[in-house]
Amino acid sequence: MSHKTIKTISDPKLKLEVLTKEEVQKIHEATLHIIQTTGIRFPSKRALEIWEAHGADVNYEKKIIRAKPQLIEDALKTCPPKYVLAARDPQQDLPLDGNHVCLGTDGCGVEVIDIETKEKRTSVLQDVRDIARVADATNEVAFHWVPVSAQDTPTEARGLHEIKAVWENSTKHVQTESIYNVHEAKAAVEMAEILAGGKDNLRERPVISMMQCTAPPLGHDGGSLDAALIAAEAGIPTGFMTMSACLTTGPATLAGTLTVGNAEVIAATALLQLAYPGAPVFYAAAQTSSDPRTGAYTGGGPEDFLFGAATNVLSDFYNIPLSMGSFATGAKEPNWQAGLEGSLSTFMASVVMSDMLLGCGFLHGSRIWSYAEMMMDCEIFSIIHKMMQGIVVDEETLALDAIAAVGPGGHYLAQKHTRNHMRELFMPQFLDRRPYTQWEEKGDDARDWALNKARKILKEHQPDPLDEKISKEFERIIKLVEKK
Amino acid sequence: MSEELETLFKQMAQSIIDGDSDISVELAQKSIEMNIPPLDAITKGFVVGVNYIGDQFGLGEAFLPELVMAGEAMKAAVATLEPELLKLGEARETMGKVVLATVEGDIHEIGKTLVGTMLSASGFEVTDLGVDQPADKIIGKAIEIGASIVGMSALLTTTMVRQREVIEEMDKEGLRPKIKVMVGGAPITREWATKIKADGYSEDAVGAVKLAKDLVGKGDA
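Order-wise, the sequence lines are chains V and W.
Quick note on numbering: this note's numbering labels position 1 of the first sequence as 1, and the sequence is numbered without any gaps.
Quick note on numbering: this note's numbering labels position 99 of the second sequence as 99, and the sequence is numbered without any gaps.
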């Protein structure tokens, strides 16, 4: 297994129509109506001033902007439809071009099932390093989110410690969802510039991207907005994620929640384009339904799966890449629910070609990291990757010569055609295909095998090290932020 | 009880079950015009509806929005009757006073708002300070209204440390254990709650109500 190869889904043969053109148009018009009439909250002085300078109606007291449809539509026209997420190792760059589905590690959790003791505990910086290293070794993980919070680092520079830890332990692209204030955003840009080799090189090859959460319904967080503007200015791909949830932060209906979330994302995306036309942006979403009985975050269910398929239709309509929430089961341990939610959410998001999937590794609604779950999520991704290739029908695959040679009765095991094509069949790592008695004797299952695989990687895999001088520079920058 | 009165109380309960604030206010006004003691209107009328929805919710039959709407209808009815209660120098018995807030630097509040609604529906008097609240504001309000419980929410690992600061400040001012502290939010775990010496934590709003009742010594209510 060469760790340079990244498995992405491309040239799909499967298709799904979850929304018609007319339905997308309706959602778009409803979105513009919301932005024009109800408005969106932008609690950032800088953001409000940008909106005002471009002719939006700004209520500084309530921090709500209302913008005409034309302003939003014109602003969105400058979004670049394609760009690359660059990696420390250029062979691992990821094209966001509508024809690649890339899997990331999920984030940002607060607890970890310890890889050795199997006990649940609070996450620390060493976990960020270890998870990055395991992810670096897998073919399935294409890029990193900061998987867990480094809770043993100072809060004012935590987001910086985290990206440093990932960069030092992997050559793949890093997307952070944990930098949401001006100080850290500026420092992160500085760190990325050092890694990329200067400001211009960073624009050319953004080795980092940043994701900010919206504050639903119809609002944003001030720190997130300011951080996003700083990232966009430096040419760092920036996205806003809605986690709008039916019943609580969104209407009970799926169309309503899709539209509310769309308004949040589209308005913030337009803001970035008004400020820095042409800045690389992406759409991010992980809508869900709250549990009707308790209001709890669900992290799975048919509504999530439909959102997973519908959102890429929207981001395609706006012609920008999508980062879509998938996996992230609500299950408490790797079990039936985890497999079900991981599979369906990822299939639905993949079949419509969502550019980025977030992501593998979590239990309990993105709160508890599990290495076993991570490895099994990777296998689910691999299965879907295989399914997306569909069925190829041509002279060679119809196998008429082999069929004639075998005739009625007999078998295909000794055919050359078989030898030529057998390795195209999927080889699972964690599906149990053993005889019943063997299972009975050993009493182990996928969870044990997955955990063992992660343990082996962590023990053996050494990623290409980051230049020590660069690490030292990172340290210096982080120290300065900590002193502020 | 006259038949007319019985019908009115039933209508009051139904207005809460239906979550209809317009009707619950209308019925509250009607009861004032009919010179019905306001405490009777509350306990024999409206509260019956709240209890019914609460029971249905406990059974998994009622959904959260029904509970929220019942809470709103109840609040509106009680607000209408409040001036009459004051005139009579009476007060509605509550489970206790609670101050809720999302800590400084954090603007996430959906979970906290749910907890507030559920506590109100369960008979607590809730003062919700909203988001981004510094320690002195939270503590000041708790002292001002004589709160039995302070509830703090945080969604970020970088802001949840503020929960500890508030607790430390309360300890310094000698406010505990008289005022109990409960914490919540997506990153909050039992370990964290124990570490910062909170009196309790809950992952969801239903658990928060049970916790609050335990904290005020009315766990079986």
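Among these hints, one or two may not hold up.
[Unchecked claim] Calculated pairs, DSSO-like style, for lysine-lysine (alpha carbon to alpha carbon, straight line, at most 27 Å):
{"hint": "1", "chain 1": "W", "residue 1": "K97", "chain 2": "W", "residue 2": "K195"}
{"hint": "2", "chain 1": "V", "residue 1": "K45", "chain 2": "W", "residue 2": "K197"}
{"hint": "3", "chain 1": "W", "residue 1": "K195", "chain 2": "V", "residue 2": "K118"}
{"hint": "4", "chain 1": "V", "residue 1": "K442", "chain 2": "V", "residue 2": "K118"}
{"hint": "5", "chain 1": "W", "residue 1": "K213", "chain 2": "W", "residue 2": "K30"}
{"hint": "6", "chain 1": "V", "residue 1": "K62", "chain 2": "W", "residue 2": "K141"}
{"hint": "7", "chain 1": "V", "residue 1": "K456", "chain 2": "V", "residue 2": "K4"}
{"hint": "8", "chain 1": "V", "residue 1": "K45", "chain 2": "V", "residue 2": "K13"}
{"hint": "9", "chain 1": "W", "residue 1": "K75", "chain 2": "W", "residue 2": "K210"}
{"hint": "10", "chain 1": "V", "residue 1": "K186", "chain 2": "V", "residue 2": "K459"}
{"hint": "11", "chain 1": "W", "residue 1": "K137", "chain 2": "W", "residue 2": "K87"}
{"hint": "12", "chain 1": "W", "residue 1": "K30", "chain 2": "W", "residue 2": "K141"}
{"hint": "13", "chain 1": "V", "residue 1": "K63", "chain 2": "W", "residue 2": "K178"}
{"hint": "14", "chain 1": "V", "residue 1": "K63", "chain 2": "W", "residue 2": "K210"}
{"hint": "15", "chain 1": "W", "residue 1": "K213", "chain 2": "W", "residue 2": "K178"}
{"hint": "16", "chain 1": "W", "residue 1": "K172", "chain 2": "W", "residue 2": "K141"}
{"hint": "17", "chain 1": "W", "residue 1": "K172", "chain 2": "V", "residue 2": "K120"}
{"hint": "18", "chain 1": "V", "residue 1": "K332", "chain 2": "W", "residue 2": "K210"}
{"hint": "19", "chain 1": "W", "residue 1": "K137", "chain 2": "V", "residue 2": "K484"}
{"hint": "20", "chain 1": "W", "residue 1": "K210", "chain 2": "V", "residue 2": "K120"}
{"hint": "21", "chain 1": "V", "residue 1": "K7", "chain 2": "V", "residue 2": "K386"}
{"hint": "22", "chain 1": "W", "residue 1": "K218", "chain 2": "W", "residue 2": "K97"}
{"hint": "23", "chain 1": "W", "residue 1": "K178", "chain 2": "V", "residue 2": "K120"}
{"hint": "24", "chain 1": "V", "residue 1": "K442", "chain 2": "V", "residue 2": "K469"}
{"hint": "25", "chain 1": "W", "residue 1": "K197", "chain 2": "W", "residue 2": "K97"}
{"hint": "26", "chain 1": "V", "residue 1": "K332", "chain 2": "W", "residue 2": "K172"}
{"hint": "27", "chain 1": "W", "residue 1": "K197", "chain 2": "V", "residue 2": "K332"}
{"hint": "28", "chain 1": "W", "residue 1": "K218", "chain 2": "V", "residue 2": "K62"}
{"hint": "29", "chain 1": "W", "residue 1": "K172", "chain 2": "W", "residue 2": "K75"}
Keep in mind the hints are simulated off the structure, nothing from the lab.
Since this is a predicted model, take the numbers as computed values, not measurements.
Tested hints:
1. A hinted pair counts as satisfied when its Cα atoms are at most 27 Å apart, and K97/W with K195/W qualifies at roughly 25 Å.
2. For the suggested pair K45/V and K197/W, the alpha carbons sit about 37 Å apart, so the restraint of at most 27 Å is broken.
3. Between K195/W and K118/V, the direct Cα distance comes to roughly 21 Å. Compliance with the 27 Å bound is thereby established for this hinted pair.
4. Distance restraint check for K442/V and K118/V: the Cα-Cα separation of roughly 20 Å lies within the 27 Å cut-off, and the hinted pair is therefore satisfied.
5. With a C-alpha separation of about 33 Å, the suggested pair K213/W and K30/W falls outside the 27 Å cut-off, and the hint is violated.
6. In summary, the hint linking K62/V to K141/W is supported, as the alpha carbons are separated by about 24 Å, within the 27 Å threshold.
7. For the hint pairing K456/V with K4/V, the CA-to-CA distance comes to about 18 Å; that is within 27 Å, so the pair holds.
8. Proximity of K45/V to K13/V is assessed by CA-CA distance (about 47 Å); at most 27 Å being required, the pair is judged violated.
9. Annotation: proposed proximity of K75/W to K210/W holds, straight-line Cα distance about 21 Å (limit 27 Å).
10. The suggested pairing of K186/V with K459/V is violated, with an alpha-carbon distance near 35 Å, which exceeds 27 Å.
11. Distance check on the hinted pair: K137/W and K87/W sit about 31 Å apart at the alpha-carbon level, beyond 27 Å; violated.
12. Taking the CA atoms of K30/W and K141/W, the gap is near 35 Å; set against the 27 Å cutoff, the hint is violated.
13. Between K63/V and K178/W the alpha-carbon distance is near 39 Å, which puts this suggested pair outside the 27 Å criterion.
14. A threshold of 27 Å between alpha carbons decides the hint, and for K63/V with K210/W the separation of about 37 Å lies outside it, so the pair is violated.
15. Proposed proximity of K213/W and K178/W is supported: the alpha carbons are some 15 Å apart, at most 27 Å.
16. Straight-line distance between C-alpha atoms of K172/W and K141/W comes to about 17 Å, which keeps the hinted pair within the 27 Å bound.
17. Of the pairs offered as hints, the one joining K172/W and K120/V is violated, with about 33 Å between alpha carbons and a cut-off of 27 Å exceeded.
18. With a C-alpha separation of about 22 Å, the suggested pair K332/V and K210/W falls inside the 27 Å cut-off, and the hint holds.
19. Using a Cα cut-off of 27 Å, the hinted pair K137/W and K484/V holds, with the two alpha carbons roughly 25 Å apart.
20. At roughly 25 Å between alpha-carbon atoms, K210/W and K120/V fall within 27 Å of each other, so this suggested pair holds.
21. Between K7/V and K386/V the alpha-carbon distance is near 10 Å, which keeps this suggested pair within the 27 Å criterion.
22. Between K218/W and K97/W, the direct Cα distance comes to roughly 13 Å. Compliance with the 27 Å bound is thereby established for this hinted pair.
23. About 33 Å separates the Cα atoms of K178/W and K120/V, which puts this hinted pair outside 27 Å; it is violated.
24. Of the pairs offered as hints, the one joining K442/V and K469/V is violated, with about 49 Å between alpha carbons and a cut-off of 27 Å exceeded.
25. A distance of roughly 21 Å separates the Cα atoms of K197/W and K97/W; the hinted pair therefore holds under the 27 Å criterion.
26. Distance hint between K332/V and K172/W is unfulfilled; the C-alpha atoms sit about 38 Å from each other, more than 27 Å.
27. Between K197/W and K332/V the CA atoms are separated by roughly 26 Å; this keeps the pair inside 27 Å, and the hint holds.
28. Under the criterion of a C-alpha separation no larger than 27 Å, the hint pairing K218/W with K62/V is inconsistent with the structure, at around 40 Å.
29. Simply put, K172/W and K75/W have alpha-carbon atoms about 35 Å apart, too far for the 27 Å limit, and the pair is violated.
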